[in-house]
Structures are given as C-alpha cells and as structure tokens.
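Each protein sequence line maps, in turn, to chains B and E. Note that my numbering has the first sequence beginning at 609, numbered continuously upward. Note that my numbering has the second sequence beginning at 609, numbered continuously upward.
Honestly, the hints are just simulated from the structure, not real lab data. A few of these clues could be false.
No copy is singled out in the list; a pair is fine if it fits within one copy or between any two copies.
[Claimed, not checked] Using 27 Å as the maximum straight-line C-alpha spacing, the simulated DSS-like pairs for lysine-lysine come out as follows:
| # | residue 1 | residue 2 |
| --- | --- | --- |
| 1 | K614 | K703 |
| 2 | K618 | K654 |
| 3 | K610 | K666 |
| 4 | K618 | K675 |
| 5 | K654 | K691 |
| 6 | K610 | K703 |
| 7 | K703 | K618 |
| 8 | K675 | K654 |
| 9 | K675 | K610 |
| 10 | K614 | K675 |
| 11 | K654 | K614 |
| 12 | K703 | K691 |
| 13 | K666 | K618 |
| 14 | K610 | K691 |
| 15 | K666 | K703 |
| 16 | K614 | K691 |
Number of protein chains: 2
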Amino acid sequence: MKNFDKVNVKQEARIELHDVLGLTGAEISINTLPAGASVPFVHSHKQNEEIYAVLEGKGTAEIDGEKIEVSNGDWLRLSPNAKRQFFASPDTALKYICIQVKVGSLEGYTMSDAIV
Amino acid sequence: MKNFDKVNVKQEARIELHDVLGLTGAEISINTLPAGASVPFVHSHKQNEEIYAVLEGKGTAEIDGEKIEVSNGDWLRLSPNAKRQFFASPDTALKYICIQVKVGSLEGYTMSDAIV
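Same shape as in the complex, but just chain B (with noise of 0.2 Å):
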C-alpha cells in the first residue's frame, strides 16, 4: 500500500473517507445537515466510540435523551452505547465530522509511538 494518499472535500451533504484514503483504523465522514434537518433516526454502537467534531453552524445532540447545544469549536467523544441523534438549529446548518474508532483500541500515542 502506498505510504499516504489524500483526498480534498468539498461541500457536499456527507462524503465517508474510509473507503476513499484506505483508512485501516477509523471510519470518517464529513456532514452537512441543512437547516432545520436532522439525522432521520436514533443510533448507538455496537464497539465503536465515536468523535464529532462541529465545523460550522450550530444544533443539538441529543443524547441518551440530553440535549446537547453545539457549535462551531465543539468536540465531543460518545461512549458506543450511547443513543444518539444531531439535529441542525433552525436557522443555520450544521456541518461536523464523525470519527469512528473501536473502544480501547488505542495502545501508545504521541512520544510513545512517534519515531522522530
């Protein structure tokens, strides 16, 4: 396999990244909901953690029945059994990521992993 490959996204309602880049530890998609719109139905996960990232825009995240206002600069881990659904506010929509790892999958990270 090649040592990297790269992709550039554009605007578009959601584009899923682990099939485009060859991803082998994650899952990504890129997701625009337009104003007012949301998810169309509640999820959990069977062994994956999942991270959002808000890119642009404001909603809700509504988890385990807690609605979560969110906006631009918010990150948020969700443990997999957590039932959730985003929603895009009114009057602006909602553009985030959506990283999918498998829970406790991560060994060393940063100086514990690097070779510099």
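Please arrange chain E on chain B, whose structure you already have, making use of the hints.
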C-alpha cells in the same frame, strides 16, 4: 464512565483531546502553525495510522521526501512508517487536525457496527 464528554476548542497553538475527552480509540490534536512555521522535526510512528485534515490556510506536507501541497478541505492518510513533516505557507497560517489510531484496529463500522 459517563456516556459522553464535550469540549470547545478555542484558537490555540495546539490542544490534545485524549485526556480532555477520555478517548480510548484515538488521540486527536488540533494544531495551528503560524505563517512560515513548521513542525520542528520529521517523525514516523510505530503502529499508529495518522489522518490529517486541513481546516484553514495552506502549506506543505513533506512525506518520505515528497512535497504535497495542502489547503483547506484536504484529508490525508499516512501509514505508520511514512516520514512526515508539516510546514505552513510563508504567508498563511495552517490549521489542521491530526488523528492517531492503531493501524488495522477498525473492525465493523457504520451499518455493520450501528444499532438503529
């Protein structure tokens, strides 16, 4: 452990989210290199795949000696052994995310891991 954690990332040179959010499957940093600056060393990894996303600005990723121009919206996957160094352009700061995950650690994802 709580089912979720949230943090808002303000403009800063670098923040690491592993401990802030209690991540178990990834380390994620958000970084800003001022115009003309670079990460001060070349590095690779023992077992972590890295995924970079450019949020703002432009610069150069030097990967195994190859210069790759990067700008807003670019996503890169790097194999652990790729030798890498990032440079902001001379006149524009480079703001980017770096995601570390264990290579080969992802099993199911999206529909095969979701409970809807």
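Each hint, compared with the structure:
In the homo-oligomer, the alpha carbons of K614 and K703 lie at most 27 Å apart both inside one protomer (21 Å) and across protomers (17 Å), since each shortest distance falls under that limit. Within a single copy, K618 and K654 get their C-alpha atoms no closer than 31 Å, and across copies no closer than 32 Å, so neither meets the 27 Å cut-off. For a Cα distance limit of 27 Å, the shortest separation of K610 from K666 across copies, 23 Å, qualifies, whereas the shortest one inside one copy, 38 Å, does not. Taking the closest pair of Cα atoms, K618 and K675 come within 27 Å of each other only across two copies (22 Å); inside a single copy the shortest separation is 30 Å, beyond that limit.
For the identical chains of this complex, K654 and K691 are intra-copy neighbours only, at 11 Å inside a copy versus 35 Å across copies, given an alpha-carbon limit of 27 Å. In this assembly of identical chains, the alpha carbons of K610 and K703 lie at most 27 Å apart only when taken from different copies (25 Å versus 30 Å within one copy). For a Cα distance limit of 27 Å, the shortest separation of K703 from K618 qualifies both inside one copy, at 12 Å, and across copies, at 17 Å. Taking the closest pair of Cα atoms, K675 and K654 come within 27 Å of each other only inside a single copy of the chain (22 Å); across copies the shortest separation is 40 Å, beyond that limit.
For the homomeric pair K675 and K610, the shortest alpha-carbon distance between copies (15 Å) is at most 27 Å, but the shortest distance inside one copy (43 Å) is not. Proximity of K614 and K675 under a CA criterion of 27 Å is satisfied inter-copy only: 13 Å between copies versus 36 Å inside one chain copy. For the homomeric pair K654 and K614, the shortest alpha-carbon distance between copies (21 Å) is at most 27 Å, but the shortest distance inside one copy (29 Å) is not. Taking identical chains as interchangeable, the C-alpha atoms of K703 and K691 lie at most 27 Å apart only when both belong to the same chain, with a minimum of 20 Å there against 32 Å between chains.
Taking identical chains as interchangeable, the C-alpha atoms of K666 and K618 lie at most 27 Å apart whether they share a chain (20 Å) or sit on different chains (16 Å). Within a single copy, K610 and K691 get their C-alpha atoms only as close as 37 Å, which misses the 27 Å cut-off; across copies the closest is 13 Å, which meets it. For the homomeric pair K666 and K703, the shortest alpha-carbon distances inside one copy (8 Å) and between copies (21 Å) are both at most 27 Å. Taking CA atoms no more than 27 Å apart as the test, K614 paired with K691 passes between copies only; the shortest distance there is 16 Å, against 33 Å inside one copy.
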